[in-house]
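Visitor: Sequence:
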Amino acid sequence: MPLEALSFLTLIGLTIIVGYIGALIFERTRIPDVIWLMVFGLLVSGLGLLDRSVFMAVSGIMSAVALMMILFDAGLNMNATRLVKGMSRGTLLGFSAMFMSIVVVTAVALSMQIGLVGGLLLGAILAGTCSPTVIGLVNRLRISEHVKSMLNIETIVTDPVTVVIAISMIKIMTAEATGWSVVSGIVTAYSVAIMVGLAVGAAWLLMLQRLRGRPYDYMLTMAVLALLYVFVESVGGSGAIASLVFGLVLGNAMLFSKSFRPEQTDGHMRDFYSQLTFFIRAFFFVFIGLIATLEPTAAMYGIFISILLIVVRLLATHVSTLGMTMTDTELNLIRIMGPRGLTAAVLASLPLAYGIAGGELMMNITFVVIIATVIYTTLAVRLFYRPPQARRKDLITRSEK
Numbered sequence: 001m002p003l004e005a006l007s008f009l010t011l012i013g014l015t016i017i018v019g020y021i022g023a024l025i026f027e028r029t030r031i032p033d034v035i036w037l038m039v040f041g042l043l044v045s046g047l048g049l050l051d052r053s054v055f056m057a058v059s060g061i062m063s064a065v066a067l068m069m070i071l072f073d074a075g076l077n078m079n080a081t082r083l084v085k086g087m088s089r090g091t092l093l094g095f096s097a098m099f100m101s102i103v104v105v106t107a108v109a110l111s112m113q114i115g116l117v118g119g120l121l122l123g124a125i126l127a128g129t130c131s132p133t134v135i136g137l138v139n140r141l142r143i144s145e146h147v148k149s150m151l152n153i154e155t156i157v158t159d160p161v162t163v164v165i166a167i168s169m170i171k172i173m174t175a176e177a178t179g180w181s182v183v184s185g186i187v188t189a190y191s192v193a194i195m196v197g198l199a200v201g202a203a204w205l206l207m208l209q210r211l212r213g214r215p216y217d218y219m220l221t222m223a224v225l226a227l228l229y230v231f232v233e234s235v236g237g238s239g240a241i242a243s244l245v246f247g248l249v250l251g252n253a254m255l256f257s258k259s260f261r262p263e264q265t266d267g268h269m270r271d272f273y274s275q276l277t278f279f280i281r282a283f284f285f286v287f288i289g290l291i292a293t294l295e296p297t298a299a300m301y302g303i304f305i306s307i308l309l310i311v312v313r314l315l316a317t318h319v320s321t322l323g324m325t326m327t328d329t330e331l332n333l334i335r336i337m338g339p340r341g342l343t344a345a346v347l348a349s350l351p352l353a354y355g356i357a358g359g360e361l362m363m364n365i366t367f368v369v370i371i372a373t374v375i376y377t378t379l380a381v382r383l384f385y386r387p388p389q390a391r392r393k394d395l396i397t398r399s400e401k
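Mind the numbering: the sequence shown is residues 1 to 401 in the working numbering, read in order.
Just so you know, not all the hints are guaranteed correct.
[To be verified] Estimated spans, in silico, between C-beta atoms of each pair: (1) Ser274 to Val103: 30 to 36 Å; (2) Met56 to Phe384: 38 to 44 Å; (3) Thr29 to Gln275: 20 to 26 Å; (4) Gly60 to Leu315: 35 to 41 Å; (5) Arg28 to Leu116: 43 to 49 Å; (6) Gly185 to Ile12: 33 to 39 Å; (7) Glu27 to Gly48: 15 to 21 Å; (8) Met195 to Glu27: 38 to 44 Å; (9) Gly185 to Thr325: 46 to 52 Å; (10) Val235 to Leu24: 43 to 49 Å; (11) Glu295 to Phe384: 31 to 37 Å.
Simulated from the structure, these hints should not be mistaken for lab results. Here a beta-carbon is modelled for each residue, glycine too, at the ideal position from N, C-alpha and C.
Whenever a hint applies, use it, and build me the whole structure from the sequences.
Guide: Below you can see the structure in the form of structure tokens.
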């Protein structure tokens, strides 16, 4: 077997092992596996253990798969009824933090000589929080369900929007035409994606009813998703947006058909999806560490942007929680839940894949921001989170004084 194939298989095996160990560490210590995976990639690259070109050769394919799965998952979990009930606060938090982040990152990026559109692209890459990290941390903390729902909804609604903005900026930067023709092309691409995604989603719901009780229907769903992505891309649409709409239809099956059972989108399909997502997450965090270089300029910009994102989070929390009743601990948790992760890692790989000027700098900055924000969130949770018993004791102590 060629040496490149053996190297790639070795890296896949080690990536899964490191990811699994990182997940166990996360369960016990609340330290996200992101850190270990990215450091592992950095060590592999720095020590010259594997040729980076082996990983780079499949990065385009993995980027497409990751975008497809990220947005499919976002749609699948975007329960319309739940979103409407908790949308006001969660959506306000998500969009205010996202747009403030894009503004400040774009302002900083203008000094990098990558242009306004390039700045907006970097802003979109770094605008969303890391869903697995936030949800994983929040679900392990004893806080009110309302606050949990608010943070979960924030991550669900922002991922698709940041992807749409990033893809739009890439289309503008790579388009041969300019002006209105570019805008028209983007609108057409998204319109095609939405219509085809809705049609295929509705048709697949009917098919799932016929396949009720049959084995491996979740595998067929993944196959349909992949073919949908390829078809929409081949006719000039956005496969990523089509994946989002397809997942949205399946995730809200009861709204389309009262005879459809919600568990048909759960069970084996979600188990299979979680395993696939585990590998995609591990791959991309190692990939970022593998190709990133910690050169001084990127480190300086990355740390500065991370500080700005932390400040933006404080402002967005203040705006979105006005009039809410919650404990100081819950308010502090909302303030600090701003780690960047999988979506940022995947989007950061796109400028390099499309040959966009400044793509390597964007990748290196993203690496620093992910590490910095994850470490900040991890330490801040340990510092500011206090279990309910400790809070009650503190209240008693204060009253006695």
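Visitor: Decide, hint by hint, whether the structure agrees.
Guide: Comparing the hints with the structure gives:
1. Between Ser274 and Val103 the C-beta distance comes to about 35 Å, which sits within the given range of 30 to 36 Å.
2. For Met56 paired with Phe384, a C-beta distance near 40 Å keeps the hint of 38 to 44 Å intact.
3. Taking the beta carbon of each, Thr29 and Gln275 are about 23 Å apart, inside 20 to 26 Å as hinted.
4. For the pair Gly60 and Leu315, the supplied restraint of 35 to 41 Å holds, since their beta-carbon distance comes to about 37 Å.
5. For the pair Arg28 and Leu116, the beta carbons lie near 45 Å from each other, so the given range of 43 to 49 Å is met.
6. Under the hint 33 to 39 Å, the C-beta atoms of Gly185 and Ile12, about 37 Å apart, fit the expected range.
7. The hint said 15 to 21 Å for the Cβ distance between Glu27 and Gly48, and at roughly 33 Å that hint is violated.
8. Between Met195 and Glu27 the beta carbons are some 42 Å apart, a value that agrees with the proposed interval 38 to 44 Å.
9. In this structure the supplied range 46 to 52 Å holds for Gly185 paired with Thr325, their Cβ-Cβ distance being about 48 Å.
10. Taking the beta carbon of each, Val235 and Leu24 are about 44 Å apart, inside 43 to 49 Å as hinted.
11. The hinted window of 31 to 37 Å between Glu295 and Phe384 holds, with their beta carbons roughly 33 Å apart.
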